[in-house]
Amino acid sequence: MQYHTPATFEDAAKIAFDAQGITRFLAGGTDVLVQLRSDLVEPDTLIDVKKIEGTNNITKNADGSWTLGVAVSGAEMSEHPELGNDWPGLVEAMDLIGSTQVQGRATLTGNLCNGSPAADSVPVMFATGATVSVTGPDGTREVAVEDIPAGPGKTNLAKGELVSAIHIPPRGQGGGDAYLRFIPRTEMDIAVVGCGVNLRVDGDTITEARIALGAVAPTVVLVPDAAAAIVGTKLDDAALDALAAAASAACNPIDDKRGTVEFRTHVAGVLAKRAAKIAYDRAKG
Amino acid sequence: MALDSQKTEGFKQIGTRPDRPDGVDKVTGRARFGADMTAPGMLWGVIVRSPHAHARIVKIDTSKAEAMEGVKAVVTRADFSDAITPAPGMRGEMWNVLENVMADEKALYDGHAVAAVAATSQLAARDAAKAITVQYEVLPHVTDVDKAMEDGAPVIRDGTAEASVPEGMHPNVVRYHESGQGDLDAGFAAADLVIEETFKTEATHQGYIEPHACLATLGGDGKGELWCCTQGHWNVQKVCAALLGLETSQLRVTASEIGGGFGGKTAVFIEPVALALSRKANKPVKLVMTRSEVFRSTGPTASTSMDVKIGMTKDGTITAAQGIFRCQGGAFPGAPMEFTAMCSFAPYNLKAVKQIGYDVMTNRPKQAAYRAPGSPMAAFAVESVIDELCNKLGLDPIDTRLKNASREGTQANFGPKWDRIGLVETLEAAKAHPHYATPLKPGQGRGISCGFWFNHGGETAVMLALSEDGTAQLAVGTPDIGGSRASMAMMAAEELGIPYENVRCTIADTASLGYNEISHGSRVTYASGLATIEAARDAVKKLCARAAAKWGIPEDAVKWEDGCAVPSGPNAGDHDPLPLAKITAKMGATGGPIVGHFEATPEGAGVSFATHIVDAEVDQETGKTNVSRYTVVQDAGKAIHPTYVEGQFQGGAAQGIGWALNEEYIYGEDGRLQNAGFLDYRIPVASDLPMIDTVIVEVPNPGHPYGVRGVGETSICPPLAAIANAVSNAAGVRLKQLPMSPPRILKALGKHG
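Respectively, the protein sequence lines represent chains A and B.
Taking my numbering, the leading residue of the first sequence gets 1, the next gets one more, and so forth.
Taking my numbering, the leading residue of the second sequence gets 1001, the next gets one more, and so forth.
These are calculated hints, taken from the structure and not from any lab test.
Just so we're clear, the structure is a prediction, and the values are computed from it rather than from any experiment.
Any given hint could be a false lead.
Derived pair list, reagent style DSSO-like, types lysine-lysine, alpha-carbon separation capped at 30 angstroms [claimed, not checked]: (1) Lys234/A <-> Lys1624/B; (2) Lys1624/B <-> Lys277/A; (3) Lys1223/B <-> Lys1147/B; (4) Lys1582/B <-> Lys1559/B; (5) Lys1392/B <-> Lys257/A.
Selected chain B positions facing chain A (Cβ under 8 angstroms, derived; list incomplete) [as the list claims (entries may be wrong)]: (6) Thr1133; (7) Gln1135; (8) Val1138; (9) Asn1662; (10) Glu1669; (11) Arg1672; (12) Gln1674; (13) Pro1684; (14) Val1685; (15) Asp1688; (16) Pro1742; (17) Pro1743; (18) Leu1746; (19) Leu1749.
The C-beta atom is built at its ideal place from N, Cα and C for all residues, glycine as well.
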């Protein structure tokens, strides 16, 4: 196994592009090291991106948008004085992952690139309209976050490409976000269903919404029909029922050790309603 | 029968709550657990395990592994004793243990050991294990208890069934139990309401946080040393000696500090393998299980399928009861179905009762004891039906249980007459507890259940050696799995009349004491406690003799009071009290070391009953349960160190909450275990649990000098039923299958599908 600590994303991309066999990028390591230790994968090349300058920075840009370095941990997000005011749902989603110890290492980027449909931070990232910078052998491009996951454990990143930053849009006026997941316990568990909601209101009326579901399909999915069900409404009971129906209709889950098809489909609707109420209350301030 | 010398009050030490003697070691990391030991020249062992639920082992090719750098030994079944042959009918417990430790002709479950390798590093051993190629012929498998009994189910091992198994049953049914009394038909006919239901529970693992680990050294001369994490090192010594063809006394076994056992560390898994590797490599070998190996290859408890039928009159009198209990214990005989059957109706005074148990083999790991093995499942089925009867007849669940409760002199459902027991006292304490009077909030349900466990005595040896400075070294042979070193030190201090801090209790190795049975059956505070008291009394007798000699009076003219020898009466003469330390300071010159002994198999372990009260609420939209309040009421006979007793009560309730709500062995269609890790084998985390309130009831056990009853196991008997009753009452629908996971509850609520 070759272990690299490149100083730039360009170098990291080059090492990855030239590598043979299995390559893994290492940020917090809360997925990669677990897979390594439990003998699921033995990478030939391990590229640690934490040494690249700026990867621990959380930056609020002049237009109100946010740029998060790829090694920013969940704990750093939770303890940031302003990020959680703009995007409480995103910060809460990240904070649900693992234990206090895991929070000191785990990253949004790792959660996205691990490719799990159950990743807690990803549905709300979809909902915020986040983008990521992708650096590869041909330079850096910006990609919508929902274009990254390809299936369980897979991304659409090409050989030699890696995520080099995460961009969260400006919060703006009248916005609110939320994330809820269902687990059989109270913490330290993996989502059986997850739902991220981001919306904007004008007075009491919802003017924009983005809703995404986790753990109900091979990837986290954006559900435009669920968003359409509440846009133009005051989130009355009829809108909530339509939202739940649209969320359930978007599910394409599997039966597995964590839940049944029926359970996931039903609970997706329940969580969509509950998360939308939280986001709506936050948007109204 | 009561002991003449029983003392249940007026204690100086008993019932206080001193600091635990192992506390500093554990919080500083100084305590040495199974994997903490190393030796010069030590090798690392790794075990190769079957990926198949049932397969014939055609060929094992170890040549590639043996040629790898750093590899010092490879063992298969051929490296164990060939003197162990199956007893007639393919039985014999030692043969079953060997078969489980290392497969012979067939792999019987996913995770069954088939070979092992020792190498100079953990990584080299892991790589070498991957290089061992095993050719399997995959066979049909079965993992479900009901399916394993059906016609046409794959036969795990033909000819294993005992003669008691009724004709015509599937060969996977290997043992049968039947007991009871009275006229069932007349009893059911006299009932105003009869309810009959079927219940199922899944296998659950003991979930101890420390995986099995050992360090073994065995030479060609047949002399060995073994350090291991176990609940009973004399048993490890006996089993390992047999499996490797050694003389028992040539193998010295030392028990490490133990990170949880709950019954699961009463069995032997990796120790004989480490010894076989060590013998072959002529070097010490360390073996440490991964968590996945713990789940796949050590004993969970049995899974069950149960039919219970109970008849009741309108006033709450049970007129008849019948239970059929099918227990699956993996690919070996031994599922605790007779305990399931006998514990089922033990709390109740029944004129007509019958219980039947079946021990069924499947392609799963060999079940191991788990806290009151077999009893919690029986209570789940029986107490659910009683709850349903109370609901339908509009009866109070505690009053109904009191009306039918077993008392001293009642003939038990499985035959004997009860001695002094404390069930009624636990029910009355539960009824009087503020919890029971608190109104439920909307959406909440309340559940009550009783539970019963036998408790056990067993072979026990203790030695108490006094030091010159008047302190005491207490050597016991039962690994401390629940705070026993504190309790033993307190009992010794009580008898000797010296401070608790002046007694150091250690767990002796197998070379230092006579045979001690495993720390199981809630026996330690009872049996090692009794032995400690008797050993201290033996030492006291010797101390009195020294004082008598000094004073020139007969030995029986001296008695022991508050840590001093004193004349027993005016006729014995006028002598100042002689403190213990003054006697021990001169003991070398007055007759030599003073040591108290006790060796026996005490048989007066008093049974124990408990009553639990649970409040739960169910999210009607997601099926998720929250246990909002929990109260444990249990008879401890006499609580030596009440904090540890409360800890045992709370621990049983906590494990019961996991078992009831989320824990389960999940097998795929391929017969492989799908959740061999703590992410998907969901034990409760701290935030899943309410504060668990405890009430210690003390109805003295006539068979212990201070009245102690074991408390470690009874606490897990009522939770499954108490929680199921609370959840069923909250949800408005009877839950008859464990775990009551959210998908299962939502389905029962009819909310989808």
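Violated hints - listed by number, lowest first: 3, 5, 6, 7, 8, 10, 11 and 19
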